[in-house]
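Following the hints, position chain E against chain Z.
Those protein sequence lines, which keep their order, are chains Z and E.
The working numbering puts the last residue of the first sequence at 677; the count rises by one with no breaks.
The working numbering puts the last residue of the second sequence at 387; the count rises by one with no breaks.
Zero decoy hints are in this set.
Partner residues are not named here, just some residues of chain E that face chain Z (Cβ under 10 angstroms, in silico):
#, residue
1, P223
2, V243
3, Y296
4, R364
5, K374
When the alpha-carbon atoms are kept at most 25 angstroms apart in a straight line, the in silico DSS-like pairs for lysine-lysine are as follows:
#, chain 1, residue 1, chain 2, residue 2
6, Z, K353, Z, K410
7, Z, K564, E, K372
8, Z, K379, Z, K353
9, Z, K39, E, K245
10, Z, K603, E, K329
11, Z, K665, E, K356
12, E, K356, Z, K603
13, E, K231, Z, K39
Just some of the chain E residues that point at chain Z, by a computed CB distance under 10 angstroms:
#, residue
14, Q219
15, Y226
16, G227
17, L238
18, Q244
19, T302
20, E303
21, P304
22, L310
23, A316
24, V319
Think of the hints as simulated: they come from the structure by calculation, not from any bench.
All values reported here derive from a predicted model rather than from experimental measurement.
Idealized CB from N, CA, C, for every residue including glycine.
Here's the letter readout for the chains.
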Amino acid sequence: MKPENNNLENNISRLVKLAGDSNQPPKAFTDSLINKAIDELSQPDTTRERKSKIMTTKKTLKIFAYAALILLVCGVLILVMVPPLSKTKYARITAKLADEKQNILLKDLESKQQPTSAPTTQEQRYAYNEKMVAGALDKAEKLYMPADRVTVKDSFEAPALVKQAHSLSCIVPPPPPCKQSTPPMAHGGSKPPNGEDVDAMFFKNYGVNPFIDTEDDHLSTFAMDVDTASYTLARGYLHDGHIPPNDAVRVEEFVNYFKYNYPAPKKDDFAVYSEASPWQFGTGRQNSYLLRLGLKARQISEENRKPAILTFVIDVSGSMAREDRLGLVKKSLRLLIDNLKPEDKIGIAVYETRGRKVMDYKGLVEKDDILATIDSLSTGGSTYAEEGIRIGYEMAEKAFKQGYINRVILCTDGVANEGQTSSADILKVIKEKADKGITLSAIGFGMGNYNDVLLEQLGDKGNGHYAYVDTIAEAKRIFEENLTGTLQLIAKDAKIQVDFNPDVVRSYRLIGYENRDVPDERFRDDKYDGGEVGAGHSVTALYELKLWPEKKGKIATTYVRYKNAETGSVTEFKSEFNTSQLNRGFDDSSKQFRLAATVAEFAEILRSSYWAKGATLEPVLQQAQTLAGEFKGDADVIKLVDLVSKARQLMLKSPAKPVEDSQSE
Amino acid sequence: MEQQPKKHACSGLVEGDSGVWQEFLQQIIPQLYGMFLKSWPNPSLAEELVQKTVFDAVRGRTTFDPEKGTFEEWIFGIARNNIRLEIRKRAARPTVDGDISAYLDVMDTEPLPDELLENKETADIVRMALGQLDEKEQMTLRAMYIEGLSAREIAGRMELTEKAVHSILYRARNSLRAKLKQLSAIPRDGETST
Chain Z
13 MKPENNNLEN NISRLVKLAG DSNQPPKAFT DSLINKAIDE LSQPDTTRER
63 KSKIMTTKKT LKIFAYAALI LLVCGVLILV MVPPLSKTKY ARITAKLADE
113 KQNILLKDLE SKQQPTSAPT TQEQRYAYNE KMVAGALDKA EKLYMPADRV
163 TVKDSFEAPA LVKQAHSLSC IVPPPPPCKQ STPPMAHGGS KPPNGEDVDA
213 MFFKNYGVNP FIDTEDDHLS TFAMDVDTAS YTLARGYLHD GHIPPNDAVR
263 VEEFVNYFKY NYPAPKKDDF AVYSEASPWQ FGTGRQNSYL LRLGLKARQI
313 SEENRKPAIL TFVIDVSGSM AREDRLGLVK KSLRLLIDNL KPEDKIGIAV
363 YETRGRKVMD YKGLVEKDDI LATIDSLSTG GSTYAEEGIR IGYEMAEKAF
413 KQGYINRVIL CTDGVANEGQ TSSADILKVI KEKADKGITL SAIGFGMGNY
463 NDVLLEQLGD KGNGHYAYVD TIAEAKRIFE ENLTGTLQLI AKDAKIQVDF
513 NPDVVRSYRL IGYENRDVPD ERFRDDKYDG GEVGAGHSVT ALYELKLWPE
563 KKGKIATTYV RYKNAETGSV TEFKSEFNTS QLNRGFDDSS KQFRLAATVA
613 EFAEILRSSY WAKGATLEPV LQQAQTLAGE FKGDADVIKL VDLVSKARQL
663 MLKSPAKPVE DSQSE
Chain E
194 MEQQPKKHAC SGLVEGDSGV WQEFLQQIIP QLYGMFLKSW PNPSLAEELV
244 QKTVFDAVRG RTTFDPEKGT FEEWIFGIAR NNIRLEIRKR AARPTVDGDI
294 SAYLDVMDTE PLPDELLENK ETADIVRMAL GQLDEKEQMT LRAMYIEGLS
344 AREIAGRMEL TEKAVHSILY RARNSLRAKL KQLSAIPRDG ETST
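Chain Z on its own, in the form it takes in the complex (with noise of 0.2 angstroms):
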């Protein structure tokens, strides 16, 4: 795919041109010149026609306007000349005559004038009309799309808003060529759940953070972030072969799905490994530097887990009735219970037009009970999640016991029709229930009516997690490898803040986060919210970073901020970057750092980063496969080469998407 445009590209071809020291034009110029002229030369001379006919069509109007005028100018002076007369009978028609000849000559002057002032007009009136529309279509996109978040409520109610949108494109005929609006949060879909008007995926667009000058701001805060649910979304789509929508791509989610294999902390919660590298990414950008920011959570091991209460609610509505999906759940089920302990209990709620408790708590011991009822689920019915969640919340309080994890997993594909179908009261229960102790997590499963917004909002405020399940392989990697880390907690409300030393570094860009965005002043408030961090867990942020030429010093102090999860004890620590730490180029940074750029590379072309313009997934692809065999045997690397490679496909064979060119720097 060659990028429009590439002034790069065309400086570089026109400068080793220089280099040639022959006095000959290239062979594969001079075939391909013969070639052009030769299919120009089977061309029909269409401009030459076309010159011609302007040229009758202009020498017959001129000839039709003199006559007219020479006319008029006869009537006119038949009119003054004969006033005398113009009281006689003969002289009334005369002048009756002349005035209608008048007419007739005006009207013919005007339709002579047509061609050379219509076009005048109408483009006048498309300009109106295309303002008109486009002022209605931007205030309907701004009413559903406000810059900061919005609820699911709003999202539910974009369908209705894209209808009004069209509309009022209807209001102004003829339709001008005006820029396609497409509604930003609803894609896709195969069947409505009971024929509502909600089926759709719902993303929403947080838009993409721009460079900011460290003069204007040094600040960059913004809430930690374990999930992986838009990597696993994407992947699916990409299986499917559909290019994800922009709005499902999180970078942070993508960069955050790969292991990095950071050390673990021995004493502290937290360790924190920085490194940074020139990077060149898309085109216009020079002396640009990746800062990777890793931070690794303390490991416990499963012994060391504490023992579990967890409260699966299932939704088993008509839209879960799919192999991917119930299917899926149960198969994630047995894997689960498999890796539990004996001291650790399930109870199993589920929902469909009506919510209900279906097992009360169960150990190990009881085993086959649980895999009974869990094969006994069958769906049907609408979707009444918000009892679901009720009840599920109402089992898990009776159960409470302090020390020990209290989780409450939603397995769902996201859609609520029943009840109170919007977030906001949802919500405020799961916020609550997580003060108290009662954490949720959020796991999405199935494609076509899934609604990304509401579950990743309900991992967020339930203080668990959010992961999105797409296959066995996904569902063993949260219930089996990671089930230490998907239910303890090491760190709540956590937070980061880099301040960025002026002196070095001229701007910066977070990569990602960009849902997760703290105000600076709230840094150290510890009732605003952050993120859950489990054992075990890493995180990653990246900031492309412009330095100033030539200074040296410190490039950033990283502060983090953090609840511990057992004591609630808050603890704050800084870590400092500078220049003498920095890579001398990007092949000489490690092969994590390099995996990390690689990924963040993918997403942000997959959700046209207004700053992955003039990148393409050629070198990325190509990275992704020396990655692939540097870190030998790592599964998720070798699955990133197939996924980018069909990626690429997929853009080569449909035109690129739109690059969000709302960014300026």
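Chain E in isolation, oriented as in the chain Z frame:
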């Protein structure tokens, strides 16, 4: 003994006979290229002007008047006209000082001015920079831009996949730019060095 240029059947050219045109262009393109290269030592500009001249001639073939001279003379007339146009265009442009490094800073976003490319120093620096790249990168850049081969042809020649050629090109462009910057920053003769 040089072969006398073959007189082309004017009628075939005017009527747009592709066989006659092909033969004519084979012979005339190198001559035009040489003519433009003599005016400005800038191969990419020469290519551009050759292309413009050829298309002017193809499109305007019916206006050729055999009484005023041969078709060759006529097309050289078009070429001279294009040189004049280029000179006029240049007069309207600000002059370029010889310092290449300032221009290299913006080469990602703006086309480099032709005047800069025609500096002898620029050509020297490019040759030097190319020479410092690794062999694969050098070969790929030369094949792509000097010989004008496609990525597929290069892949065939170097026994690589097309994908690999693209990524070598990508890296080669970046390393060439870096090398150019590095070399252009070195003070030239006559300037004090530290």
